[in-house]
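S.K.: Listed below are the residues making up each chain.
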Amino acid sequence: MEQNQFEPRIVGFLCNWCAYTGADLAGVSRMKSAPNLRIIRVMCSGRVDPSFVLRAFQLGADGVLIAGCHPGDCHYQEGNFKALRRVLMLKRILRDFGVDERRLRLEWISASEGEKFARLSLEFTEEIRTLGPLTLETAVEPGLPVEVLA
Amino acid sequence: MISITIDGMTTQVQEGTTILQAAKLLDIKIPTLCYHPLLKPFGACRLCVVEVEKGSRHEVVTACNTPGQDGMVVATRTAHLLEARRLLLEFMLARWPNVPVLRKLAEEFGLERPRFTSVLRDEREDACILCLRCVRICEEVVGACAIGFEDRGTHRRVVTPFDQESEACIACGACAHVCLTHHIKFEGEDYRGRPAEFLLGSNTAIYMPTAQAVPKVPSIDREACIHFKTGACQTCVAVCEPGAVNHQMGDQEVEVEVGQVLVATGYDLFDASPMAQYGYGRLDNIYAALDIERMLNATGPTAGRVLLKNGQPPRAVAIIHCVGSRDENHHRYCSRVCCMYALKFSHLVKERCPAAEVYNFYIDMRAFGKGYEEFYSRVLHEGANVIRGKVAEVVQAGWSKQDEGTLLVRCEDTLIGRFREIPVDMVVLCNAIEPQSDAGRVGRLFGLSRSPDGFFLERHPKLDPVATTTDGLFVAGCAQGPKDIPDSVAQASAAAARMLATISKGVVEIDPVRAEIQEQYCSGCRICNALCPYNAIDYLEERNVSQVNSALCKGCGTCVAACPAGAITGYGFSDRQIHAELEGMLAV
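Chain order of the listed sequences is Y and X. Numbered according to this note's numbering, the first sequence spans residues 44 to 193. Numbered according to this note's numbering, the second sequence spans residues 212 to 799.
This is chain X alone, in the form it adopts within the complex (with noise of 0.2 angstroms):
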């Protein structure tokens, strides 16, 4: 600890402290520009200086890179510190006269006006002044050092490298939030440089999934975090009060032993964008179905109010069924889920923005369920338009300043038989659920077969549709087909009530027709492993044979048949007994 003296006033500091941050717990105030408490002292304002006894003479220093040292005496307030700042003061509003940290500064120090004016004079309220604070976070917090200097002395400029856009800056908005004069702005562009207006994903690398997650903690997104890549920042780490962020969290692994598994892993929608006709990720204000739940939602980007990029109400909306879905050239089957959706959309678009129309074009109207058909009569009744028909394509009515962003949605009107094109301002596509991309991945891991949609299949459509041919392995939910809610809680209640069942019978009944392994002749091989439809067969490494798992085994005997040592028997229809049923029936 060291003894510094500053204003008269004496404290005890530890080694390393600088006279600012002493100044700081003597509750001194010393003017500063470029010094920040997130940065290293940079000195470049020399608006801190104060005067150091040394000797007989006063040394001036700044104050916020200078530390002290045992003894010091500073005197921050004396008539020629005045007369310092002042002049430099004058020099600054003498090139930036309309700054208003300037200018509060120097009513601070009774200046009103410069005494001089520069050839480089910039009369802007938001002129950069050249503090570098901005440059120092980006490298020194932040650590992508998107942004830098460029040239020297008077003509001294902060820009991005080559004055480009920089691809390293990340839009964090660090600059935007230590520039003194507004210079830098923060447009609200995420990271992904999409335009704050509809921001139907996260903007920032630590992020709330959305305002109704469960569990609602944020998350830290790998990809864009600058952590990841430079080692610095962490800020969130410094901000958090209970030290709840860790970056080092990584995914574990956990082996659980179970005797049944239930594979629920749900659905993917299906992508839009190579139907070209339909212009989704082309033109604006096409959506697929799952971004307008997103903006419906009342924690969504719009808070729940139907808007246009523009930020607009439409005055048309038009949703398209069946994209994807009974199509000949994607998927033959049917959503399921969308005629509803689509319907609900409608009510929804036509209870917040009471002015605009509703346009369905549809196949089949497809209210197969409790009320459904009823929500349909309502929904028409709204005043909604249903139109059966497919949509051939989307396109961008161009023709005059006024049909700017209206959209022309050509079809086919079969129930009168004609063509018609219906502008619009908004188009929301109904998209086929489909299965998720690993779903081959997942089946094999399993043994699951699929059904030639790419579903999980079941054993049986109509009588068995939770289980699957291998016993203790269930499916529910759109991984065994498009389904809707109730129709996936019903699902799982009866996979979950026969899992249920099976562990409280206590026992495993096994049944007599069954292969079993002869270990003795076992040689290791494992050509039946890969042909247990069942995954009935286990190898195990220790003995180098292979053993059959008795309650999963149906006994087939494809396994029998195909050992090339004949070690496995067949209960019931082993090789003896066939064998003896052969030489009895060719006796005669």
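So that you can see chain Y by itself, here it is in the shape it has in the complex (with noise of 0.2 angstroms):
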């Protein structure tokens, strides 16, 4: 390994019920899993508004990752269907913005699968690392101010 490799940074957003207690058992298990990926938990899945993932690419992250409960599982019902919905919308708004589509990732983790999220977690970093940094052609700067409401 080399001692100047790029590392990637990725965000992940967890949801509470499944993905962020799955993960939680990974730690816990002591199983080794990627510190690349930094995580953000939400309660559900659905929670997941696009913007937060293209400001986490605006940001500089290389990588996002959403976990939710499996199709049928969610907490609340039917969120991890919307957020489905999304990351599918989501994908092409990355691809006219010249963002490689496999930079967002849509997973679903239960929470006995911590050793799926410690997997899926190298995984992703490689994957990552082997596209490498993000570069996106701003006509903004990425370090303006975000204007949030609420």
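FYI, nobody ran anything at the bench for these hints, they're computed from the structure. Heads up, a few of these hints could be off.
[Unchecked claim] To give an idea of the interface, some chain Y residues facing chain X are shown, with a C-beta separation under 8 angstroms as derived from the structure:
#1 Val54
#2 Arg81
#3 Ala99
[Said to hold, decoys possible] Coverage of chain X stretches by chain Y, computed from C-beta distances (three or more under 8 angstroms per stretch; other residues unrestricted):
#4 771-780
#5 783-793
For each residue, glycine too, the CB sits at the ideal point set by N, CA and C.
Make one complex out of these two single chains by using the hints.
M.R.: See the structure below:
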């Protein structure tokens, strides 16, 4: 492993009831998972606003992971289906922005799938490492403050 | 008021009263045939003729349709009149010599034998004497107009149009009721044309649902009641003394404001008609479970006896389990209650027809409850036969006259590894319990999810079987899944207790993690309304904004992400907070 190897910065939105708990299980079980994945806990994967994903890329994230409950098992009934719809839309938008759509990933992780989470974080990190750092051709400077209402 | 004198007796009557009605008031009997108090007077038979003084002469008029006039003097038994009536009866007897009502009148008038006979002589005792009361009652009172006259003169007959079975006839029996000679017979076929010996349903348009109905009041079947079709009849209204019958009654919509709802809308019974191999609806003596329940009931059509359609007790009864249940082609699930009621039927059939054989065709015998296995043993000891195997088909045995009516049940007996063909007289199907046909609509109305089998979904199959994912909304009974009475009662009690617990607390605890709509930013687009899985967002029409019901909101944040105006705050996980997290974690 090279000393100056590119270390991807990945943001993960994990739903509280399944994915986050699964990640917690991985931690408690002392499984090796990638430190590159920085986790934001939300109550449901349906909480993830597409603008969060875009903001993450804008702030310099090389990859974004959204993880929720398996279809049919969402703690809030159907939130994960809404996440799915939004991700499908986001992939098209990212393509239009010139961002490789493989940088956004949607996964279903249940509370008992700690091993799956650990493996996924390592796999995704390698995939982003292969893709390289994200270079956005921006007309707008990435550091501009975003006026958030609510 | 006018004054009429009949046979020397004077009375005051209302204007328009006929002589016959006035005579009734004076207790004077005038013979009639075609007159009936419910009908408009027709004047066909002429028997009621009376003499009215007109100056020095006497005018002969029919009493039934002649209105009285002030100062009228009437005689009802003059020699002339008696001769006239005798002659009329002679004519009638010439044509219909054996009709009892005519012979009785003849006796009254001292007529022994008619002097003539008619070329149209009809010797039958129940010959139609053309009094036409039937036609008139069907037209005037019932309003169905199902029968009428045909032809003219001496060839006049009372028939249905074109002598065909009349569709307009509602089988009310009014014509048979007023027929003087029993020429019209009421066969007791109900208005849906099913034979009387086995009526499993009502048999009149106004009916008592069952003898044990609660409340025990009659209902009117709107489809069958002739009043709704022709505006006539209303005989039920006329005979009801307290005046309790009201055809104008309709559905009332009542608005009640509640905080909690318990949905206990029950089940439907699987219709076995599409399973052609079992012959339900096609062959006689094949019944569904609820049909047999009706038959076994002491207030049912057979007073509780187990009978075939021909009125005989069966020699053998087959009970087929799992019709539509545990079936890949219909319902995968087990309907839970059928094994036990099949054993109940076996027991009752053996009790009421000791000589009958009972065969149960089962896949598994599920006797899961308290006392159930003991009951199963008991039924086996009583001699019920149990055959483990599916029934392939039920056919009619038709080789000889003695086999007529016998059904053959073709099955596989898996415990002996053979196919069997068992002759029985009656087949009972244990139909599956399935969700009601409108379960989808009811579910959407309340925001109730359904499990894959179509029943309403409980919050947790083991830990929370009466609640749903929406607070304040509960399910109980077969609406949630097939179950028997003890379980339904337990579930209902549990649900009621939960609801009472919430009410008695007096306050509702609200989670701090929830959504709230900032009204000043809301444009009333209502995108959030449909997204909420808990129906927690109301739309306020007056202000054209949406509002989150914080008692129902679970804080999932779906609406927060979806709002195009960003008008919804998700407390605990707000946009501000998440953006701050992003900035923090990507600063290094």
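S.K.: Of the numbered hints stated earlier in the document, which are not met by this structure?
M.R.: No numbers; nothing is violated.
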